[in-house]
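Novice: In case you want the letters, here they are:
There are 2 protein chains.
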Amino acid sequence: MNIYAVIMAGGVGSRFWPRSKKKTPKQLLKIFGENSMIRDTVNRLKGIIQPENIYIITNKLQMSGVLTQLHELPVENIIEEPFGRNTAACIGLASILIRKKDPDAVTLILPADHIIKGEKEFHDTLLSAAKFADESEAIVTIGIPPTRPETGYGYIQIDENPVSDSVYKVLTFAEKPNYQTAVRFVDSGDFFWNSGMFIQKIDVILAEMKEYMPDLHEGLMTISEAIGNPDYQDVLTNVYGRLKKISIDYGIMEHSQKVYLIKGNFDWSDVGSWEAVYELSIKDENGNSKVGNVYLDTAFDSYVYSPDRLTALIGVDNLIVINDEDALLICRRDKAQDVKKVVDYLQINKLSEYL
Amino acid sequence: MNIYAVIMAGGVGSRFWPRSKKKTPKQLLKIFGENSMIRDTVNRLKGIIQPENIYIITNKLQMSGVLTQLHELPVENIIEEPFGRNTAACIGLASILIRKKDPDAVTLILPADHIIKGEKEFHDTLLSAAKFADESEAIVTIGIPPTRPETGYGYIQIDENPVSDSVYKVLTFAEKPNYQTAVRFVDSGDFFWNSGMFIQKIDVILAEMKEYMPDLHEGLMTISEAIGNPDYQDVLTNVYGRLKKISIDYGIMEHSQKVYLIKGNFDWSDVGSWEAVYELSIKDENGNSKVGNVYLDTAFDSYVYSPDRLTALIGVDNLIVINDEDALLICRRDKAQDVKKVVDYLQINKLSEYL
Chain A
1 MNIYAVIMAG GVGSRFWPRS KKKTPKQLLK IFGENSMIRD TVNRLKGIIQ PENIYIITNK
61 LQMSGVLTQL HELPVENIIE EPFGRNTAAC IGLASILIRK KDPDAVTLIL PADHIIKGEK
121 EFHDTLLSAA KFADESEAIV TIGIPPTRPE TGYGYIQIDE NPVSDSVYKV LTFAEKPNYQ
181 TAVRFVDSGD FFWNSGMFIQ KIDVILAEMK EYMPDLHEGL MTISEAIGNP DYQDVLTNVY
241 GRLKKISIDY GIMEHSQKVY LIKGNFDWSD VGSWEAVYEL SIKDENGNSK VGNVYLDTAF
301 DSYVYSPDRL TALIGVDNLI VINDEDALLI CRRDKAQDVK KVVDYLQINK LSEYL
Chain B
1 MNIYAVIMAG GVGSRFWPRS KKKTPKQLLK IFGENSMIRD TVNRLKGIIQ PENIYIITNK
61 LQMSGVLTQL HELPVENIIE EPFGRNTAAC IGLASILIRK KDPDAVTLIL PADHIIKGEK
121 EFHDTLLSAA KFADESEAIV TIGIPPTRPE TGYGYIQIDE NPVSDSVYKV LTFAEKPNYQ
181 TAVRFVDSGD FFWNSGMFIQ KIDVILAEMK EYMPDLHEGL MTISEAIGNP DYQDVLTNVY
241 GRLKKISIDY GIMEHSQKVY LIKGNFDWSD VGSWEAVYEL SIKDENGNSK VGNVYLDTAF
301 DSYVYSPDRL TALIGVDNLI VINDEDALLI CRRDKAQDVK KVVDYLQINK LSEYL
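Chains A and B, in that order, give the protein sequences.
Note that the working numbering numbers the first sequence so that position 116 is 116, with each residue one more than the last.
Note that the working numbering numbers the second sequence so that position 175 is 175, with each residue one more than the last.
The hints are simulated quantities; they were obtained by calculation from the structure and are not laboratory data.
Take these hints with a grain of salt, some might be off.
With a cut-off of at most 30 Å between alpha-carbon atoms, the simulated DSS-like pairs for lysine-lysine come out as follows [said to hold, decoys possible]:
1. K60/B / K340/B
2. K169/A / K283/A
3. K245/A / K290/A
4. K117/B / K290/A
5. K46/B / K350/B
6. K290/B / K22/A
7. K23/A / K210/A
8. K210/A / K176/A
9. K120/A / K245/A
10. K340/B / K350/B
11. K60/B / K120/B
12. K283/A / K341/B
13. K341/A / K290/B
14. K290/A / K340/B
15. K244/B / K341/B
16. K341/A / K340/B
17. K283/A / K117/B
18. K340/B / K283/A
19. K350/A / K283/B
20. K120/A / K60/A
21. K340/A / K290/B
22. K341/A / K30/A
23. K117/B / K340/B
24. K283/A / K335/B
25. K290/A / K244/B
26. K258/A / K245/A
27. K46/B / K290/A
28. K283/B / K340/A
29. K283/A / K210/A
30. K290/B / K350/A
31. K263/A / K131/A
32. K350/B / K290/A
33. K263/B / K290/A
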């Protein structure tokens with residue numbers, strides 16, 4: 001069994017504005033410690049997947065950042081999407097490219113910008129999932145046992161009778177719930193957080209695409225035939241540009257009968273906002289987490305990032321303060337989801353120097 | 001009667017950090033509208049005092065800023081204190097220098113960094129005060145009828161029987177009171193805000209200095225004798241350096257029997273903090289006042305200054321945000337007095353690049 005990783009690194013992570021920008025998206029930032037999130041994502045695969053089997057799928061703007069940060073990966077493993085077409089197309093493109101090299105590949109699809117703690121449990125889960133996916137022709141999602149009624153995550157409901165060790169048949173996918181529903185999900189015991197990670201043989205996912213997303217499949221086959229030909233880039237650009245923007249969850253997972261869930265018994269966070277960064281950071285005795293040049297006076301429960309200029313806080317609490325080179329964000333922690341609205345505003349007003 | 005103005009412009013205004021710095025103190029900043037506070041202070045004298053009778057007393061660091069901003073004043077009217085020695089020495093030095101030119105001068109002493117609205121009332125008050133000071137050999141302070149129990153101002157108590165139109169004998173000077181005392185002051189009707197402005201003949205203030213601050217007077221006479229001599233700067237530096245740092249209120253006003261008060265029937269603020277700036281600024285329908293490049297989302301009752309970089313506020317209220325070139329202040333409005341503590345911290349830690 002040959003396991004490959006496909007790390008999806010095409011998003012911007014606009015909730016991380018002003019640090020996240022088109023050229024420096026969330027996954028390329030050093031949000032925790034010394035490494036960027038994508039660097040940590042690749043490091044985390046050490047011992048189970050060889051560098052030559054690790055693929056990154058990204059876009060033109062982020063290409064040079066990815067190449068610089070992940071210099072040990074073969075250059076041809078860094079796939080450039082000509083346009084963003086959501087996750088179904090992205091995974092399809094990676095699948096046909098890896099298939100050329102290894103038609104029997106088992107692929108692990110991973111987001112580039114999540115935090116995982118507990119490397120051994122993570123590895124064990126991946127290897128079990130890969131084994132089951134390979135033997136049972138299954139798509140195996142990794143579900144995280146929920147520890148709180150989080151409304152920022154999607155949930156996956158399972159049939160409670162395991163089909164194998166820690167592996168369950170998936171009944172339904174549920175979008176981000178409201179708080180009441182989230183409480184019900186967590187209390188039920190048969191709902192798990194959707195980690196966005198899943199694993200399957202290439203021919204399995206392509207077969208499901210043929211079944212449930214025939215237009216996508218047809219496009220992918222056209223592109224696949226052109227691989228290695230001089231007109232490959234033209235074909236890719238033409239065909240990819242006409243693909244619909246559909247997520248893998250919506251396009252495949254919610255319909256396929258081959259979807260299973262394996263419990264991921266490790267700490268996981270999708271680090272969806274500055275609030276999540278605050279929660280995951282080490283705090284001082286006043287509940288503050290600070291990075292850089294920061295003066296605090298009667299300040300509490302706040303996250304302050306100020307790598308260059310001096311930032312002074314007096315008499316405030318529960319703030320996110322991101323004092324970046326050309327823009328400053330000051331946001332109440334419980335409004336961290338609304339950071340995206342600033343990015344929308346900047347886009348609408350064509351203030352691209354801040355994007 | 002020849003009226004002269006002496007504008008005291010030696011302070012830093014550390015409550016206005018990070019905008020106020022040693023070289024760009026409060027009075028040289030454009031805090032409201034197009035003009036700096038000192039520019040407005042000089043403009044306000046138009047029509048009652050000629051430019052050649054307006055003196056500025058400042059220090060080496062602020063000299064070039066003052067000269068640039070007040071280019072219509074004769075260069076010799078910009079007096080440079082060799083060291084800061086508080087207001088008694090400062091006024092004494094200005095007095096002996098003006099005495100050389102005009103021994104009969106009536107001098108109006110003015111802070112450089114206050115806000116006044118109601119120019120005609122201001123002029124009428126000054127002219128009445130000057131007339132009384134000249135005819136009665138008096139020191140006439142300008143007292144503002146209090147409109148609220150402000151704890152940030154000093155108060156002056158009068159004898160309620162006027163000695164002349166709107167002029168009263170002063171009974172006591174009171175330091176900044178606590179809230180309860182301030183309420184009592186305001187309710188009493190015989191307490192006024194101490195505007196820091198006062199007017200008197202030069203020989204009167206020098207005589208009172210001789211009486212109540214003989215060491216200062218002796219030093220001033222030594223300096224005065226050296227005016228015009230080649231060793232003037234040396235004498236000034238030597239003598240001034242040994243003078244005690246005493247305020248004119250503490251040194252003279254609280255002791256002299258010649259102190260009177262004239263009611264100033266104009267709007268006045270010493271603009272003592274960013275909170276005062278907020279209070280004096282025009283606000284939008286959400287109670288926000290913003291200068292520069294600012295995005296607001298569910299933000300209320302805040303003052304935001306961000307002339308260059310973009311500042312985005314989400315879900316916050318009652319904040320002062322000063323996003324200056326090399327430093328950022330975020331302060332709850334009711335903690336605006338504590339901005340001084342940042343400056344103390346920077347001084348103690350020798351972080352002079354921010355001072």
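Novice: I'd like to know which numbered hints this structure contradicts. Please list them from smallest to largest.
Specialist: 2, 3, 4, 5, 7, 9, 11, 16, 17, 20, 25, 27, 29, 33
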